[in-house]
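Given the coordinates of chain A, work out where chain B should sit on it, guided by the hints.
Protein chains in written order, with my numbering: chain A, 1 to 170; chain B, 1 to 176.
None of these hints come from the bench; they were simulated from the model. Predicted, not measured: the structure shown is a model, and the values here were computed from it. Hints may contain errors.
[Unchecked claim] Taking lysine to any residue and the SDA-like style, the derived pairs with C-alpha atoms no more than 20 Å apart in a straight line are:
| # | chain 1 | residue 1 | chain 2 | residue 2 |
| --- | --- | --- | --- | --- |
| 1 | A | K84 | B | S88 |
| 2 | B | K33 | B | G130 |
| 3 | B | K33 | B | Y19 |
| 4 | B | K154 | B | K58 |
| 5 | A | K125 | B | N135 |
| 6 | A | K138 | B | D137 |
| 7 | A | K126 | A | G116 |
| 8 | A | K126 | A | Y137 |
| 9 | B | K58 | A | A44 |
| 10 | A | K110 | B | S21 |
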Amino acid sequence: MFAQSGAGFLPSQFQTQKNYATTLSGPIKPDQELARTNRNESMAKAAFGGDMRQFNQQAGKGVEAGSKMSAFRAGLLADSEAGKAYAQAQQDKLNMYADQKAPELAFQEKLAGEQGWLRELLIDKKDVQNRERMASYKRKADVDLQKYDRTMLDAQQSWENEATIVSSLF
Amino acid sequence: MKPVPERPPPIGRAPVAGYDSRRFPVVGPMEPKGFYRSHISTAEPLGQSVRDTIAAVKTPRLQDIRLINSAGNNSRVGLAEATAKTSSNALRRSADEFNTKYRTQAEQARSQDILSQRQNTQDQFRMDSGLATFNFDTLTRFTQGVEDIYARGKRARSAAQAQITASFMRMLGGLF
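Excised from the complex, chain A in its bound form (with noise of 0.2 Å):
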């Protein structure tokens, strides 16, 4: 019943130099504009299907020709194929209404689902930021501990250096 949805503009690259940002553009819903048009042309068809089945009675003098129960089948069969292109009008307009709203959805989980997978990126980024910070940290520790362990060694030395001579002297 609906024509396809134009794409006015239709992207066949995208390129960003953002780390974290989300890509989706938005809901992308199909041309209401049209369904509107297709909804209208239903109900025009539903009037004029009705309206013209009523007037065009039969002619001529025969058997029931323009006889009234002519006139009320025909009346039924018009009614009733009006009432039912009445009802797929509202049909059509009830699809407009939920062509519209469905592709929300489906752009919140999309772009819920983007938001989670850039959340565990960043915290990807942030543990590989700790990991080196807490690198550094150990590191500091190390590299003072042994300074002050070779300088310890050395006054030890030193020490037992002195004591030697000393205790050479007596």
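Just chain B now, kept in the frame of chain A:
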């Protein structure tokens, strides 16, 4: 001589997870802290006014001058109104069903969105706790390492002094 140092007090029972303790203060965050908000709307997509608009099925226009005020006309009116009413009800049900399915899916999507955020917060908590633990470990290791080296140096200096004193005493003993 100095007596043998006393043994340290028993370490006691291990701390319980999730509780702070005076003996073992929690290093890092106690709980994952999160503020969760989802932009997935669970409101009904088709409001009351829209549903009314959809359900407003037009009745076929009855116009045949020869059938007015006749039994046939009443039949036609009845048929036309019945068609419109049943169509209207069917459309109202369809709209309601659409609303229901939409909201059900939206609720599920929102719960998944919030769960995803909670998992992220949990990961963040794990990372923060690990970072704080590691840093505190490093700090303690450095402090204790410095103490070890200092004590070792102190002992070495004391030993050197004792050696000098002993030599001096040996010399004095030789004099006597």
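Right, here's what the structure says about each hint:
no.	hint	in the structure
1	A:K84 / B:S88	holds, 11 Å
2	B:K33 / B:G130	holds, 15 Å
3	B:K33 / B:Y19	holds, 16 Å
4	B:K154 / B:K58	violated, 103 Å
5	A:K125 / B:N135	holds, 19 Å
6	A:K138 / B:D137	holds, 9 Å
7	A:K126 / A:G116	holds, 15 Å
8	A:K126 / A:Y137	holds, 16 Å
9	B:K58 / A:A44	holds, 12 Å
10	A:K110 / B:S21	violated, 44 Å
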